[in-house]
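No gaps in the numbering here: position 15 of the sequence shown is 151 in our numbering, and each next residue is one more.
Since the hints were derived computationally from the structure, they do not count as laboratory data. Where is the CB? At the ideal position from N, CA and C, for every residue including glycine. Heads up, a few of these hints could be off.
Stated by the list, open to error - What follows is a set of in silico ranges between Cβ atoms, one per label pair, in the way DEER data are often shown: (1) R157 - V178: 36 to 42 Å; (2) M137 - R177: 38 to 44 Å; (3) F191 - R157: 54 to 60 Å; (4) K143 - Q189: 52 to 58 Å; (5) P175 - A138: 52 to 58 Å; (6) Y185 - K141: 35 to 41 Å; (7) I190 - A154: 30 to 36 Å; (8) K180 - A155: 25 to 31 Å; (9) S170 - M137: 34 to 40 Å; (10) R177 - V139: 45 to 51 Å.
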Amino acid sequence: MAVPKRKTSKMKVRSRKAANRYKGVQPTLCPTCSAPALPHRVCKSCGTYKGKQIFTNFE
137 MAVPKRKTSK MKVRSRKAAN RYKGVQPTLC PTCSAPALPH RVCKSCGTYK
187 GKQIFTNFE
């Protein structure tokens, strides 16, 4: 049976386990229309970004 030659460091163990905790990009609420929007992107429902109107006509 194989035996590890050295102790696995805390950093190695924690970085390996961190991949299981990742849940993807979490949507936040748009400050203008309170619709779910991805961070650092234009809101799909109202077309604003950082309080400024980027797109005007949505369908």
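Could you work out which earlier hints the structure fails to respect and list their numbers in ascending sequence?
Structure breaks hints 1, 2, 3, 5, 6, 9.
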